[in-house]
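S.K.: Here's the letter readout for the chains.
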Amino acid sequence: MTFWRQVYEIARKDLLVESRTAEVALMTAPFGAAALIMIPLAIGTDAPLLTDLGPGLYWIVVLLFGILVILRKSAVDGGPQRDLVRLLGIDPAARFTGATIATSLLVLLFEVALGPVLVALYNPDLRGWPWLFLILPLVAIGMGLLGTIASGVTTSLGTRTSLTPLLVVPLALPLLLGATQAFEGLQLGGSIVPWLVLLFAVDLALAVSGILASGPLEEAVT
Amino acid sequence: MTMIRRFWLEAAAVLIVAGSLFRSFTVEADVVQGDVQRIMYVHVPSAWLAFLAFVVTMIGSVAWLRTRNRRWDRLAASSAEIGVVFTGLAILAGMIWARPVWGQFWTWEPRLVTTALLFFVYLGYLALRRAVVDPVQRAQRAAIMGIVAAVQIPIVYYSVNWWRSLHQASSRNSIDTPLRITLLLGVLAFTFVYAVLLRRRLELAHLEEELEARRFEASPDVAGAGITAPSLAKANKHD
Amino acid sequence: MNANPIVSLENVGLRIGNTLILRHAKMTLEPGEKVGLLGPNGSGKTTLLRMIATLLRPTSGSGEVLGAELGTDAVYDVRHRIVMVGHLPGLYPELTLGENTRFVARLAGRPLELADESLAMVGLAGASERRADQSSKGMLRRAELARALIIEPTLLLLDEAHAGLDAEAIGIVDDIAERVVGAGGAVILVSHEPDRLTVDRSVQIVDGTLEAVS
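Protein sequence lines, in the order shown, are assigned to chains A, B and C.
Throughout the first sequence, residue numbering follows my numbering, covering 1 to 222 in sequence.
Throughout the second sequence, residue numbering follows my numbering, covering 1001 to 1239 in sequence.
Throughout the third sequence, residue numbering follows my numbering, covering 2001 to 2214 in sequence.
It is worth saying that the hints were derived from the structure and are not from the lab.
These figures come from a predicted structure and were not determined experimentally.
Hints are supplied without guarantee of correctness; some may be wrong.
Said to hold, decoys possible - Derived Cβ-Cβ restraints for the label pairs, each shown as a range: (1) G215/A - E2178/C: 29 to 39 Å; (2) A2163/C - L1207/B: 58 to 68 Å; (3) L1207/B - A22/A: 49 to 59 Å; (4) L1126/B - A201/A: 40 to 50 Å; (5) A1195/B - A120/A: 25 to 35 Å; (6) L1207/B - A2074/C: 31 to 41 Å.
Beta carbons are placed, not taken as given, at the ideal position from N, Cα and C, and that holds for glycine.
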């Protein structure tokens, strides 16, 4: 079985399991939406203020609540399932890539679900919105990669749900900066290409370290 | 081991720290900020150490993955423990400096922000180590996280710098030579202190492991050893 | 027999954290053999089984499984020839029994029809659409044994071989073991019920070493 076929099967399985629990669509996304509604109640509902801060708040919610996508049940393989996948002879790099693709797609789903909420509540300036077709996936891929690495390292630990966010959030900062600055650049009419390059660089660095770490990661968990 | 061999590093550290302290207090104060600026001689070297310590953690992590020799894991862990202290110190010094000079505890200056983030990376790394019971698993997982984090940190630093340069004219004025020398002396002093602490911590870790290994050899906890055939008759004797 | 042994452990030590599972363990498993692994609770049978499955590396000594040295990358090439049925089910709870077995078939590069056929062979044809988290323990066990039928392993490892299986199904274990052995493979069965095992010989973990049981 080829590498990419294995990647496809793993991603497909992860997404199939997620479709049964529908955790991201029915629980995490509404939670993110609730956060976006609550924020103005705390900082003020002044329309110009919200238009100004809206995009930044959206990305913060994507970053912090996106961790819940990483922590979802369907991303967690129990011991016997991990043994099964290993004994089926799946290349650890293929398992890593498949899991990352599944998580990234779900983070993207989360981003897309919150989009209308942002537009409705905050009335942001959406100049240059076609670029979002690039920005959203780049951030989603970065979160997917960080999430798969952090999940791998915290597998079967009792404090996993607290530890994973702590590991992910500081390292996800360039994703946050890249996304918010690219957006701001669009509004000011400046160049956003450097920020896109930053997002791409982050994703590339994570992809390389993640794939290289995938073998040792599998061996790390008894 | 002769006294010199045992304590040469400490002796050198004491000398350099003394020299650095003396210099820090006698060099002329900054024209604008006055004496409070001297805390820069603690803040900047601490921040430098925070990064150096993590680089050492990364080196230990890579070496562990390649050799699976526990001493490299000890190096990574020890450096992280010392690094988190220096990172905390750097942040604290930065805050003490900022308050009188700029009127607030935090300035969103790139180095301070990245040092704060590095602090959280350290906390995460150490929390991960604490959460894993088996030493080999702990070494493996921590090594992976150490390397991934170390690769990301330059990107984080770069992105924060870039972001700040767009929003704020660089607040870094060029430093006069006498101040620069003092700063370098401070960096050197802190590096020696780090080396002393690292060496001691490594020795301690090594001894801990030795002790554990000897204990294990003397009376290993063999799986299933404490488990005997159950007997309810014995239990009922308490009635 | 001039064929290479399927499992060969030489002076193997295995330590997890502060617990010593094995020391100076020696074992050889030849093609065509069925071996029982006995021992009281907590003696490390499952851990030993996982080490033989190449999922754990020995702390000392050397071992070979299907020609691959334990603890090296060579194990990646032989894992697909090993099936281990652990005492917890290796199935995805949210997926149906059919989906679980088809997943295995696809990843093992076997035809999809074989997945449904193997479920039928273990008597679960009618439960193919049942979710794993809604199936009984015995059903899950049967579904796992179906995996052995799909993959046709050279080395079959069964932990708590008869656990959860009803009278009808217990015979499946012996039949599947026979199949594997008949094709030149070998089987290790862990059990707490040695009388129920039909094996050629048995070993037991005693104070970290493997001793033959008469």
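S.K.: Hint by hint, which ones does this structure get wrong, listed from lowest number up?
M.R.: Failing hints, ascending: 2, 4, 5.
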